[in-house]
Every structure is written in structure tokens, then in C-alpha cells.
Amino acid sequence: MFLSIIITLVLGSIIGIITSISVYGFISLVKLLTNAFRNPERNFETISALFNNTGEFILFIILIPFTIGLIVGILREIALGDRWHGPPDVILATHSEKKPLDIKSGFISSFASILSISAGGSVGQYGPLVHFGATIGAEINNLFPKKTQYDIVVGAGVASAISSGFGAPLAGLIFAREVILRHQSMASFAPILVASIVSYVFTKSVFGIEPIFLGSIGDIESLYDFPFFIAAGVICGLISIIYMKGLTHPKFFPDISKIKPVLQPAIAGLICGLISLYLPQVIGLGTESIREMIEGKINLKYAIYFLFFKLFLTVVCLRMGLIGGVFAPALFIGASIGVILGFFFQQINPELDLNLLTVASMSAFASCVIGGPVANMMIILELTSDYEATLVAGLSIVFASLISYKVIGQSVFDRVLLNKKVDLKIGRENIKLQQIEVSEISHKDYCSLSLKMNVNEAIKKMVKLQKAECYLVDDKKILINKFELHFLLNQKNKKKYLKDLKLNEFLKLKTTSSVFKSIEKCKTFVGESIPVLGENKEIFGVVSEGDLLKIYLKVSKEEKDHENED
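Read left to right, the sequence shown gives residues 18 to 583 (our numbering).
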């Protein structure tokens with residue numbers, strides 16, 4: 018027990034410190050490159066200013082965004098294939114033993130994300146930080162494989178990234194368990210909490226933390242304010258569906274398959290550059306604009322522009338290959354919705370606190386997107402120490418989440434995984450069964466018959482092997498037919514060749530079929546065994562109902578033991 022406590026403290030501290038340093042390096046590099054790639058002093062608010070600064074226009078609006086986007090596209094094509102890695106991969110890695118994270122994808126995805134944000138991509142930084150924190154945890158697991166549990170150290174890395182990025186250690190703990198692990202085992206609590214706290218303390222002591230919110234937000238004036246926060250939640254839930262559909266649904270974005278993959282991020286960067294010409298607030302992270310919206314410094318017209326263009330640009334950037342998170346844009350969009358609603362709600366209730374409404378809308382929208390209602394509430398509480406702000410944020414979050422969950426699921430990450438045929442709603446054990454191919458549990462204990470054999474010879478062989486079923490195959494092991502012993506015994510002409518008998522209907526499985534799908538197919542099966550066929554319909558082996566039940570019980574027991582482990 019004492020050794021277990023020491024290991025928890027040491028590994029949690031190592032993950033926390035390494036992640037803290039990595040997060041600081043990431044954020045610092047983003048700030049440095051942002052100043053280099055996007056000249057903060059430039060001003061093209063008038064046509065004359067544009068012509069007077071033609072060189073700057075070409076450089077900062079066209080060349081840099083396009084070139085950086087092109088570099089991102091090249092990195093994706095050379096290093097990672099057709100897609101980037103992010104939080105959905107982290108969730109899948111903790112739910113499956115066959116989808117591990119690797120430090121290479123973490124480094125490359127993080128570097129490409131830094132470039133995407135710095136050049137003006139409308140993407141966030143927290144998704145890449147979560148992924149990189151998780152890969153750090155996975156790498157620690159590789160160094161100490163017998164001292165740690167894979168999903169727990171990955172969760173510790175995730176919590177550390179949230180803790181140091183937001184300055185919210187408890188939110189980091191809750192996010193890791195609520196969004197990533199999706200179980201509440203006691204074994205996961207201590208390592209994740211230690212890593213989160215160490216990361217927070219180290220970041221605050223060594224680097225300092227710059228919070229999004231600056232202290233208390235506002236006050237609830239009366240019970241009459243609550244319907245407005247509920248309405249804000251409902252509206253945020255509806256708009257979040259559009260946002261997440263745009264990010265994940267094939268029908269909500271044009272077919273860009275004819276554009277070379279390497280050029281897609283470059284085009285997205287160019288689009289961002291051109292829109293930033295007159296609306297620079299909607300590119301990049303937009304942290305300062307979020308603060309201004311919370312403080313009531315943005316008028317209705319600009320809030321509408323912010324909502325439309327931020328949603329549009331984020332969808333364009335992420336669908337066309339720039340890499341980044343969805344959380345920061347969600348905060349921006351949610352804050353814009355809050356400002357817009359505040360203008361109309363205040364006509365009905367002049368006493369309504371608009372700053373509070375903006376924060377509640379922002380939290381509700383972001384919660385729908387990342388699927389962490391409690392974690393979002395905890396972020397508000399930790400950063401503001403404002404109980405009333407947390408209360409109304411929770412109210413908006415509940416109603417927003419109820420709506421988005423019905424259409425999208427718990428989060429946009431769930432929808433991304435569902436597009437890959439991974440349904441998180443079926444539970445951890447069934448996800449693991451989806452990752453096990455039926456070929457892995459198949460065996461060769463079956464009776465095979467050749468085309469040259471007759472009925473009498475087949476009966477003798479089946480009796481000798483004590484099998485009630487047999488499989489007729491040709492010289493290339495291609496499955497032709499399946500017979501049951503009683504069927505052959507009822508044949509009047511025992512000299513008849515097997516190839517001349519009628520073809521029977523019977524259940525077949527492919528080698529690539531998952532155990533989960535195989536169990537579904539076998540619900541009404543009655544018999545001794547089920548053939549497993551390869552790509553060319555050759556018989557690879559067989560499985561029985563007992564084989565499927567055995568692996569199901571084994572996985573179920575492993576999951577229950579894991580969740581109840583202390």
C-alpha cells in the first residue's frame with residue numbers, strides 16, 4: 018500500500034511537471050509566432066489604407082496564411098496520412114487496447130496546431146493540448162508498463178493539460194474522468210488529481226497563469242432572471258447542433274475531394290486571411306474578444322458578425338485540414354450568442370445582468386461541444402470564485418445539453434468517433450468487443466469435406482470426428498456448402514456426391530467482423546459452429562456460441578474489475 022502511494026505521487030508529479038512545461042512552451046510559441054505571422058500594427062480598415070500598404074497586404078493577408086497552410090498540409094500528408102489526431106483519438110485509446118497513442122503523432126499534431134493558430138486559423142489550442150498531454154501520459158506508461166494503467170496515466174496527462182492551460186485543477190480532474198475516461202473508479206482518482214494539482218502549482222509558481230475571466234462576473238437580481246438563462250441554454254443548444262453538424266456531417270460541407278489534400282489547409286488559411294482584412298477578431302484564438310464580450314464592450318452588430326464568421330471559419334478550417342481545437346471557438350461563438358440575446362432580453366427585463374448572460378451562454382455552448390457539463394461549471398467556479406455565475410452557467414448548460422445530446426450525442430468527439438463506426442453509447446466493454454475481430458477467437462476444430470466425397474463417406478468422417486456439422490470446401494478451401502449430420506442420414510442415395518446436394522442457407526461470418534457484431538448476428542443461431550470466411554470466401558476457421566460467450570464474459574469481467582479497483 019505504501020509503495021502504491023509513492024508510485025502515485027511520483028508518476029503524477031512527473032506527468033504534471035512535464036505537461037506543464039509542454040503547455041507553457043506551446044502557448045508561448047503560439048504567442049511568439051502570432052506576433053510574427055500577423056502584424057498587430059497593421060490596419061486595412063479603409064480601401065486607401067489597403068493601397069498604401071500593398072506589401073503588407075500581400076505578405077500578411079495572402080502569402081503567410083497560404084504558405085503556413087501549405088506547410089500544415091505537407092506535414093499531414095507526409096507524417097500522418099489523411100487526418101490529424103486529437104481528443105477523439107484520446108477517448109478511443111482509453112476505451113480500446115488496440116488504438117494506442119504515440120508521442121510522434123502528439124508532437125507533429127501539436128506543432129501543426131501551433132502553425133495553424135499562429136497564421137490565423139480559426140481553431141483553438143485546448144484540443145491539441147489535451148491530445149499532447151495524453152500522449153505524454155501514454156509515453157510514461159511505456160516507460161513504467163507494470164506500474165501504471167494505461168487509461169489512468171492518459172487521463173492524468175489530460176487533466177494536467179487542462180489544469181495548466183486554464184489554471185483549473187479540479188476542472189482538469191473532472192474533465193479527464195467525465196469526458197475522456199467516462200468511468201469513476203477509485204483507482205483513477207488519486208493519480209489524476211495529483212497530476213492535475215502538481216501541474217497547476219508548477220505552472221502558477223514558475224510561469225504564471227493568465228485567466229480568461231478577471232474575478233467575479235455579476236449577480237442574479239431575482240427569480241425572474243432564470244427563464245432568460247434557460248432560454249439562452251435552449252438557443253445555444255440549437256446553434257451548437259449546427260456548429261457540430263458543420264464539423265462532422267458530410268452533407269453540411271461541400272465535397273472538396275477534387276482539391277489536392279496538401280492544398281486544402283492552404284486554401285483555408287487564405288480564406289481566413291481575407292476575412293481578417295476587416296474582421297481580424299474572428300481569426301486565431303480570440304481570447305481578447307471573448308473578454309470584451311463578457312465585459313459588454315461589443316455592440317450587437319459586431320456580435321452578429323462574430324457569430325456568423327467565427328462559426329463559418331472554424332468549420333472551414335477544420336474541414337479543410339488546419340488543425341486545432343473546437344473549445345476556444347465554441348467559447349467565442351457562445352459569448353457572441355450571449356451578447357446578441359442580451360440585447361433582446363434586456364428589452365423585456367432591463368435588470369438582467371448581461372455579463373452573467375454572456376458567461377452562461379458561452380459555458381452552455383462550449384459544454385454541448387466538448388460534452389463536459391460538470392467540468393465546464395467547475396472551470397467557471399475555479400476561475401471566478403463566483404458561485405452565482407457557476408449556478409446560472411449550470412442552468413444554461415443543462416438545457417443546452419439536453420437538446421444537443423438528442424441530435425449529436427454527448428459531444429462532437431462522440432460524433433467523430435461514430436463516423437468511424439465507434440459508438441461510445443454502447444459502453445466500454447462493447448467498444449472493446451468491437452475492436453476484437455472474430456478471426457482472433459476462431460479455431461480449426463471442424464470437419465471439412467472435399468467435392469469428391471459422397472454422402473456415405475461424409476457420414477463416416479463426421480462420426481469419427483464426433484461432429485454434428487461439416488463444411489464442403491474445394492481444393493482452394495473455398496466454402497461451398499454446410500451440412501448437418503441428420504440431413505445426410507436422411508439422404509436415400511448414400512452414394513450421391515456432396516457437390517450434387519442442394520445448397521443450404523447458413524450463417525457465415527467474415528474474418529474482419531467484430532465480436533460485438535458477431536454476437537448480434539448470432540442471436541437466433543442454433544447449431545454447432547459458424548464458419549469464418551476470408552476475403553475470397555475461403556474458410557479461415559469456425560467459432561461457436563460458446564467461444565463468443567467466453568470472450569464476452571472475459572471482457573465484461575475485466576471492465577468490472579477495472580472500474581471497481583481501488
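One or more of the hints may lead you astray.
[As the list claims (entries may be wrong)] Here are the simulated DSS-like cross-link-like pairs (lysine-lysine), alpha carbons at most 25 Å apart as the crow flies:
| # | residue 1 | residue 2 |
| --- | --- | --- |
| 1 | LYS519 | LYS509 |
| 2 | LYS509 | LYS525 |
| 3 | LYS115 | LYS577 |
| 4 | LYS461 | LYS262 |
| 5 | LYS540 | LYS516 |
| 6 | LYS437 | LYS461 |
| 7 | LYS516 | LYS438 |
| 8 | LYS115 | LYS534 |
| 9 | LYS513 | LYS469 |
| 10 | LYS512 | LYS494 |
| 11 | LYS442 | LYS477 |
| 12 | LYS534 | LYS516 |
| 13 | LYS48 | LYS314 |
| 14 | LYS442 | LYS484 |
| 15 | LYS268 | LYS525 |
| 16 | LYS540 | LYS493 |
| 17 | LYS493 | LYS437 |
| 18 | LYS469 | LYS534 |
| 19 | LYS567 | LYS442 |
| 20 | LYS478 | LYS493 |
| 21 | LYS478 | LYS442 |
| 22 | LYS442 | LYS115 |
| 23 | LYS534 | LYS519 |
| 24 | LYS571 | LYS540 |
| 25 | LYS484 | LYS525 |
| 26 | LYS461 | LYS554 |
| 27 | LYS461 | LYS478 |
| 28 | LYS494 | LYS554 |
| 29 | LYS275 | LYS442 |
| 30 | LYS538 | LYS437 |
| 31 | LYS509 | LYS461 |
| 32 | LYS494 | LYS527 |
| 33 | LYS484 | LYS567 |
| 34 | LYS511 | LYS115 |
[Stated by the list, open to error] Here are the simulated distance ranges between beta carbons:
| # | residue 1 | residue 2 | range |
| --- | --- | --- | --- |
| 35 | LEU50 | ILE226 | 33 to 41 Å |
| 36 | LEU46 | GLY72 | 24 to 32 Å |
| 37 | LYS438 | ASN316 | 39 to 47 Å |
| 38 | ASN473 | LYS116 | 49 to 57 Å |
| 39 | ILE23 | LYS494 | 51 to 59 Å |
| 40 | LEU240 | LYS277 | 20 to 28 Å |
Hints listed in this document are in silico derivations from the structure and should not be mistaken for laboratory results. Positions of the beta carbon are idealized from the N, C-alpha and C atoms, including for glycine.
Evaluated hints:
Between the alpha carbons of LYS519 and LYS509 the distance comes to roughly 14 Å, so the proposed pair stays at or under 25 Å and holds. With a C-alpha separation of about 28 Å, the suggested pair LYS509 and LYS525 falls outside the 25 Å cut-off, and the hint is violated. Annotation: proposed proximity of LYS115 to LYS577 holds, straight-line Cα distance about 19 Å (limit 25 Å). For the hint linking LYS461 to LYS262, the alpha-carbon distance of about 46 Å lies beyond 25 Å, and the restraint is violated.
Among the hinted pairs, LYS540 with LYS516 is inconsistent with the structure: their alpha-carbon atoms are about 30 Å apart, more than 25 Å. Of the pairs offered as hints, the one joining LYS437 and LYS461 is violated, with about 32 Å between alpha carbons and a cut-off of 25 Å exceeded. Restraint check: the Cα-Cα separation between LYS516 and LYS438 comes to about 39 Å, which exceeds 25 Å; the hinted pair is violated. Under the criterion of a C-alpha separation no larger than 25 Å, the hint pairing LYS115 with LYS534 is consistent with the structure, at around 17 Å.
A hinted pair counts as satisfied when its Cα atoms are at most 25 Å apart, and LYS513 with LYS469 qualifies at roughly 10 Å. With a CA separation close to 23 Å, the supplied pair LYS512 and LYS494 stays within the 25 Å bound. A distance of roughly 50 Å separates the Cα atoms of LYS442 and LYS477; the hinted pair therefore is violated under the 25 Å criterion. About 31 Å separates the Cα atoms of LYS534 and LYS516, which puts this hinted pair outside 25 Å; it is violated.
Restraint check: the Cα-Cα separation between LYS48 and LYS314 comes to about 24 Å, which is no more than 25 Å; the hinted pair holds. Between the alpha carbons of LYS442 and LYS484 the distance comes to roughly 40 Å, so the proposed pair goes past 25 Å and is violated. For the hint linking LYS268 to LYS525, the alpha-carbon distance of about 34 Å lies beyond 25 Å, and the restraint is violated. Taken as a hint, the LYS540 and LYS493 pair is broken in the structure, with Cα atoms around 31 Å apart against an allowance of 25 Å.
Of the supplied pair hints, the one linking LYS493 and LYS437 is violated, its CA atoms being roughly 34 Å apart against a limit of 25 Å. Taking the CA atoms of LYS469 and LYS534, the gap is near 35 Å; set against the 25 Å cutoff, the hint is violated. Only pairs whose Cα atoms come within 25 Å are accepted, and LYS567 paired with LYS442 is accepted, the gap being roughly 23 Å. Pair hint LYS478 plus LYS493 holds up; C-alpha atoms about 20 Å apart against a cutoff of 25 Å.
Distance restraint check for LYS478 and LYS442: the Cα-Cα separation of roughly 47 Å exceeds the 25 Å cut-off, and the hinted pair is therefore not satisfied. The suggested pairing of LYS442 with LYS115 holds, with an alpha-carbon distance near 19 Å, which does not exceed 25 Å. A threshold of 25 Å between alpha carbons decides the hint, and for LYS534 with LYS519 the separation of about 29 Å lies outside it, so the pair is violated. At roughly 19 Å between alpha-carbon atoms, LYS571 and LYS540 fall within 25 Å of each other, so this suggested pair holds.
Only pairs whose Cα atoms come within 25 Å are accepted, and LYS484 paired with LYS525 is accepted, the gap being roughly 18 Å. In summary, the hint linking LYS461 to LYS554 is supported, as the alpha carbons are separated by about 16 Å, within the 25 Å threshold. Of the pairs offered as hints, the one joining LYS461 and LYS478 holds, with about 16 Å between alpha carbons and a cut-off of 25 Å not exceeded. Restraint check for LYS494 and LYS554: the C-alpha separation of about 8 Å stays at or below 25 Å, so the hint holds.
Simply put, LYS275 and LYS442 have alpha-carbon atoms about 34 Å apart, too far for the 25 Å limit, and the pair is violated. Only pairs whose Cα atoms come within 25 Å are accepted, and LYS538 paired with LYS437 is accepted, the gap being roughly 20 Å. Restraint check for LYS509 and LYS461: not satisfied, since their Cα atoms lie roughly 31 Å apart, outside the 25 Å limit. Our distance criterion of 25 Å between C-alpha atoms is met by LYS494 and LYS527, whose separation comes to about 15 Å.
At roughly 21 Å between alpha-carbon atoms, LYS484 and LYS567 fall within 25 Å of each other, so this suggested pair holds. Taking the CA atoms of LYS511 and LYS115, the gap is near 50 Å; set against the 25 Å cutoff, the hint is violated. For the hinted restraint 33 to 41 Å between LEU50 and ILE226, the CB-CB distance of approximately 21 Å leaves it violated. Look at LEU46 against GLY72: about 26 Å separates their beta carbons, and that is inside 24 to 32 Å.
The hint said 39 to 47 Å for the Cβ distance between LYS438 and ASN316, and at roughly 46 Å that hint holds. The supplied range of 49 to 57 Å is met by ASN473 and LYS116, whose beta-carbon atoms lie about 52 Å from each other. In this structure the supplied range 51 to 59 Å holds for ILE23 paired with LYS494, their Cβ-Cβ distance being about 56 Å. Under the hint 20 to 28 Å, the C-beta atoms of LEU240 and LYS277, about 58 Å apart, miss the expected range.
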